[in-house]
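Using the hints, position chain V against chain F.
Chains F and V are the protein sequences, given in the same order.
FYI, in my numbering the residues of the first sequence are 1 to 124.
FYI, in my numbering the residues of the second sequence are 125 to 282.
One thing to keep in mind: the hints can contain errors.
Each computed DSBU-like pair below joins lysine-lysine, with the alpha-carbon atoms no more than 30 Å apart [claimed, not checked]:
#, chain 1, residue 1, chain 2, residue 2
1, F, Lys96, F, Lys76
2, F, Lys46, F, Lys76
3, F, Lys46, V, Lys222
4, F, Lys114, F, Lys46
5, V, Lys222, V, Lys258
6, V, Lys202, V, Lys258
7, V, Lys127, F, Lys41
8, F, Lys46, V, Lys239
9, V, Lys202, V, Lys239
10, V, Lys204, F, Lys41
11, F, Lys41, V, Lys258
12, V, Lys275, V, Lys258
13, V, Lys175, F, Lys76
14, V, Lys239, V, Lys275
15, F, Lys41, V, Lys275
16, V, Lys222, V, Lys257
17, V, Lys202, V, Lys222
18, F, Lys41, F, Lys76
19, F, Lys76, F, Lys114
20, V, Lys258, V, Lys239
21, F, Lys41, V, Lys222
22, F, Lys46, V, Lys204
23, V, Lys127, V, Lys222
24, V, Lys175, V, Lys222
25, V, Lys275, V, Lys204
26, V, Lys127, V, Lys257
27, V, Lys258, F, Lys76
28, F, Lys96, F, Lys46
29, V, Lys275, V, Lys202
30, V, Lys127, V, Lys204
31, V, Lys127, V, Lys258
32, V, Lys202, V, Lys175
33, V, Lys175, F, Lys114
Distance windows between CB atoms, simulated [as the list claims (entries may be wrong)]:
#, chain 1, residue 1, chain 2, residue 2, range
34, V, Gly238, F, Glu48, 20 to 28 Å
35, V, Gly151, F, Phe31, 27 to 35 Å
36, F, Gly88, V, Arg126, 46 to 54 Å
Simulated from the structure, these hints should not be mistaken for laboratory data.
Yeah, the Cβ is synthetic: ideal placement off N, Cα and C, and Gly gets one too.
Listed below, chain by chain, are the residues.
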Amino acid sequence: MIRGLVVTHGDIAESLVVSLSHFLGEVEELFFLSSDGYSAKELSEKIESLVSNHNAIIFTDLPGAAPTTRARSILKTNQCVISGVNMGMLISFAMKRNTLSQDELVELLVNDAKRSVEMFCLNS
Amino acid sequence: MRKNDQLIVRVDDRLLHGQVVVGWGAGWPASEIWLACDRVARDEDELLLYKPLIPEHIGGGIVTLEEALSRWNEDSIKGKVLVVVENCEDLHYLLQNKFPASSVHVGASSAGAGKTTFTPSVHLSESEFETIKKIAELGFEIRIHELPNTKPVVIPID
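Bound-form chain F, shown alone (with noise of 0.2 Å):
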């Protein structure tokens, strides 16, 4: 089973897959960081020990932070990072991780993720 892992500041990696379960049920293998506190040295090896030895899918929220910078020092061929995430590219990824290959299961998470977002105004 490609195994999750949500990295983020804050609270916010534990609260998604806090509230992902109230979708859900509890969700297997998906497991959350808080990047707070950790020099870039000590968030990879954080990093590492979760998703070593896995295939595995990193989510992150933002490009270019250090969640994301530091995941990507650490990956092997058998694990990406996506950033952006949200709680549409998660519930996708606990429903359909089973039935894809991990190419097209990321490509489609991006996807959507990416139509989760939309939106509504009311004219004035």
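Below, chain V alone, put in the same frame as chain F:
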């Protein structure tokens, strides 16, 4: 150096990240952002990760400590330059070698065993603290300063 030209050196062991690029890059705002770090400057993989983090409209680069020392003098500072270093020792090395810093601060230093917590993002070991004393002896006031719009915190060195 014209009156408004400034070179700030920041100790940040998370290197280039959101607080630096957005907080200081857009908030100060910096006209250049540099990372002076031998470890990153000499590692192709790390360079690939960190180089794109410097926003194109700001500019700057990644250099070794020696390159940083030869790049700037009092007269070559133009605009508002932020130079990030990984630790207090690197900062001390630059200052000892007459780096023309207008001001210096600690932005982030991670927690760890035996470290004393000064703010939620700054934790210092005894040897880091000794280095900070040496920096103060060189005539620099070194404070903890997370973001341009947060209040700097004095590090009590007595």
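Results of checking the hints against the structure:
| no. | hint | result |
| --- | --- | --- |
| 1 | Lys96/F / Lys76/F | holds, 22 Å |
| 2 | Lys46/F / Lys76/F | holds, 15 Å |
| 3 | Lys46/F / Lys222/V | violated, 37 Å |
| 4 | Lys114/F / Lys46/F | holds, 29 Å |
| 5 | Lys222/V / Lys258/V | holds, 14 Å |
| 6 | Lys202/V / Lys258/V | holds, 28 Å |
| 7 | Lys127/V / Lys41/F | violated, 37 Å |
| 8 | Lys46/F / Lys239/V | holds, 19 Å |
| 9 | Lys202/V / Lys239/V | violated, 37 Å |
| 10 | Lys204/V / Lys41/F | holds, 28 Å |
| 11 | Lys41/F / Lys258/V | holds, 25 Å |
| 12 | Lys275/V / Lys258/V | holds, 24 Å |
| 13 | Lys175/V / Lys76/F | holds, 21 Å |
| 14 | Lys239/V / Lys275/V | holds, 23 Å |
| 15 | Lys41/F / Lys275/V | holds, 27 Å |
| 16 | Lys222/V / Lys257/V | holds, 17 Å |
| 17 | Lys202/V / Lys222/V | holds, 18 Å |
| 18 | Lys41/F / Lys76/F | holds, 17 Å |
| 19 | Lys76/F / Lys114/F | holds, 25 Å |
| 20 | Lys258/V / Lys239/V | holds, 18 Å |
| 21 | Lys41/F / Lys222/V | holds, 29 Å |
| 22 | Lys46/F / Lys204/V | violated, 35 Å |
| 23 | Lys127/V / Lys222/V | holds, 19 Å |
| 24 | Lys175/V / Lys222/V | holds, 26 Å |
| 25 | Lys275/V / Lys204/V | holds, 19 Å |
| 26 | Lys127/V / Lys257/V | holds, 28 Å |
| 27 | Lys258/V / Lys76/F | violated, 42 Å |
| 28 | Lys96/F / Lys46/F | holds, 27 Å |
| 29 | Lys275/V / Lys202/V | holds, 26 Å |
| 30 | Lys127/V / Lys204/V | holds, 11 Å |
| 31 | Lys127/V / Lys258/V | holds, 28 Å |
| 32 | Lys202/V / Lys175/V | holds, 21 Å |
| 33 | Lys175/V / Lys114/F | holds, 26 Å |
| 34 | Gly238/V / Glu48/F: 20 to 28 Å | holds, 24 Å |
| 35 | Gly151/V / Phe31/F: 27 to 35 Å | holds, 33 Å |
| 36 | Gly88/F / Arg126/V: 46 to 54 Å | holds, 50 Å |
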